[in-house]
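J.: Protein chains in written order, with this note's numbering: chain P, 1 to 281; chain Y, 1 to 391.
To be clear, the hints were calculated from the coordinates, so they are not data collected in a lab. Ideal Cβ placement from N, Cα and C applies to all residues, glycine included. Each statement offered as a hint is correct.
If the Cβ cut is set under 7 Å, some of the chain P residues that face chain Y in the computed set are:
1. Q231
2. R234
3. R255
Listed below are the residues making up each chain.
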Amino acid sequence: MANEKEPVSRVLGIGQIEPEVSGSSRINVGQTERILSAAGGSLLLAYGLRKGTLGGLLLAVAGGSLIYRGASGYCPLNNAIGRNTAEPGEVTGSIEIARSLTINKPRAEVYAYWRQLENLPRFMFHLKEVKQYDPKHSHWVAQVADGKLAKALGTVEWDAQIVEEVENERLVWKSVEGASVDNAGEVRFIDAPGNQGTEVHATIQYRPPAGGLGSAVMKLFNPAFKEMIKQDLRRFKQLMETGEIATIEGQSSGRKAEPDTSGQPSSPNAPTDEKHESLML
Amino acid sequence: MKALCYNGVGDLRTERVPDPTILNPKDAIIRVIYSSVCGSDLHLLNGYIPAMREGDIIGHEFMGEVIEIGSDVKKLKRGDKVIVGSIIACGECQYCQNQTHSLCDNTNPHAWMLEKAFGDTAAGIFGYSHLFGGYAGSHADFIRVPFADQGAFLVPEGIPDESAVFASDAVPTGFMAADMADIVPGDVVAVWGCGGVGQMAMQTAWLKGASRVIAIDREPNRLQAARQHSKAETLDFSKVDIQEALREMTGGRGPDRCIDCVGMEAVSNGFAYYYDKAKQYVRLENDRPIVLRDAIMACRKGGTVSIVGVYSGFVDSIPMGAAMNKALTFKMGQQHSQKYIPILLEHMQKGELDPSFLFTHKMSLDDGMKGYDLFNKKETMRVVFAPGGAA
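Model the full assembly from the supplied sequences, consistent with the hints where possible.
T.: See below:
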C-alpha cells in the first residue's frame, strides 16, 4: 500500500465520496466461518466434480457458493435473515476512478444535458437505461460485459439518489441501500481558462462486490474501467460539440466477416471491437 | 465495389467489398475520380505503423463526385465535384476553431489508442491505420467522408482534376511546411525530400519570399523535377557531403529554414542509415531520423526546423545540444487540410502553385500493388489510381 499513489480526487480538491455500504459489499460472515466455508466448499467442489453425476454436479455448485461465501465474506442468506457473524464495521474498501475532459461548450449547456440522466446511455455504452423516478431518484441498468459474456452475466441494476446538486456546477450521487454494486460519484463542471469551454471532472467510487478476492479481481479490471469512463466522456464531448459520435462501425473493408454491418451508427457494440484491437498495440 | 486492401506488410490486393453507406448525419459518399499514392502510405506498407488490420482499405489523397449526403450536410449537394482533405476534422472543437484541424478532438473513434501512444488523441485520417481512426481509405470506387461540409472543397474553375487531386494532401502538407518555417523575404530555405510534398514546400517557399531554395535527394528524376518545376538548386546526398555543401553555399551560416519532408524512413549512404535500420529491425527504435539530425546540424543559429515528414514513435541520437545551443525553433505536425486547402486553391488558380507534374502514372485499382512497387522504388513522382477509369 505504501507505494500506491493517492487518488486524483485529492489533487483536484474533490472530497472522497464514500459509497453506501449495503448489498454485496457488506461483510456479514465472521473470519472463522469464512475459513470453514472456503475449506468445506473446496472439498465439496472437488468431490462433486470427481463424481461426474448430476448429484455430483449439484454438490460442486453448492461447494462453489461456499467458496464464494468464504472468499467474499458476504452471504446472501445471512443478509436475507439479518444474521451477521462478522465484526462490526468490516467493509470492503472502495476504488476510485477520476477522469476529466474539456468540452468546447458553455457550462450551462453541458450541465443541462448531463442532468437529464436519461441522456447518459447515449454516450455511456455500458449503460442500458437510466430512468428518473423524480428529480432526486433514478434507476440504473448496466451491462456487465460485452458480447456473449453479456448474455451469460446479464445486467446489473441499482437505484441512485442525488445527494447534492448545485446547478451548472456539481452533481453528487450515491447508490441507495441494496445496490448490487455500491457506488457513488461526483461530476463537476468548471469554466476552462481562456474561453475553452467547460471542464468536466467525473469521480466515481465503487465497492467491489466480492470482498477481498473481489477487490483483487476488480483492481485488475480497474484500468479498463478508467479507460471506459474516459471514452464515455470523450463520446459525451463529441455529442455536445458535433452532435454525433465518430464511428467506423459498419463501414466497408476487405474483412470477410464484419461483426456488424447493419449500418447502425455508434452502437454499443463498437467498444467491443476496440477492445479486441487493443491487443494489437 | 472494388477497393485496394492491405493484407499484410508489402501485400496489397484489389478486392470486392460492400459499398459504403452513410453512418452519421454529417457524412457524404463520394465517387472517387482520382486517388493518389503518398509517401506516408509506404510507412504502412513497409510495416512501420502499427494497428493496420487485414482488409483495411488504404489511400487518403483523393477527389471525386458527391453522390449521397447525410441529413446534416448543409453545404454540399449531389453532383458536386470536390477535393477532400486527408485529415478528418469536426470544425467545432477548440483545435478546429484555432485552425489546427489535424489536432481535432472529435474525429478519431479509436482516440484511446493515440491517448496511450501519444498522450492525447489526434484527428482521424482516411486509410491510415486504426491509430488514426481506422477509416476506410480512398483507393476504392466510393468512399464515406465524415464531416463532409468541413473536409470537402469544390474544385474551382480552371483547375483540372489531374492537379486538383494533389490539393488533398501533397500541396497542403508542403504548403504548411513552408508556412510553419517562418520564412521571411531573403531567407535561404533547404528542403529535404523531393517527392510531391517536398516540391510543394519549395514552390511555397518562393511564394513566401525565399531568396534561394536548395533541394536535397538522391533520385536523379526527382532532383531534375526540383530544378525544372520548383526552381530549386539541388544537392545529391549520395554524391556530396550535405553539411559541408549547405554551409559553403550559404557563406558559412547554414540555411535559415530547414524543412524535413522525409520523415521516419530516411536513407543515407553513411553509417547512420545502418545504425538506425538495425535498431528498427529489432524494434529498439521506430523511426530513422537521419534527415532530422541533418537539418538540426545544418540549420543556421536561431533558424527554424519545420517537420512534415511523418514520425510515428521514438527516435534516438537527436543532437539536442546543437538544437538548444543554436536556439533553433522546431515546428511540426500533420497538415491542417481545412485551413490550407482554400488558400492554396487560390494560388493554384493563379498558377503560383502547380502540382500537375506530380501526376506521372495513371493506373486502375487492379494494378494497385504494381503501382506501389513502382512508387516504392521512387521511379515515379506519383502513381494515381483512377477507379472509374477517368479519361
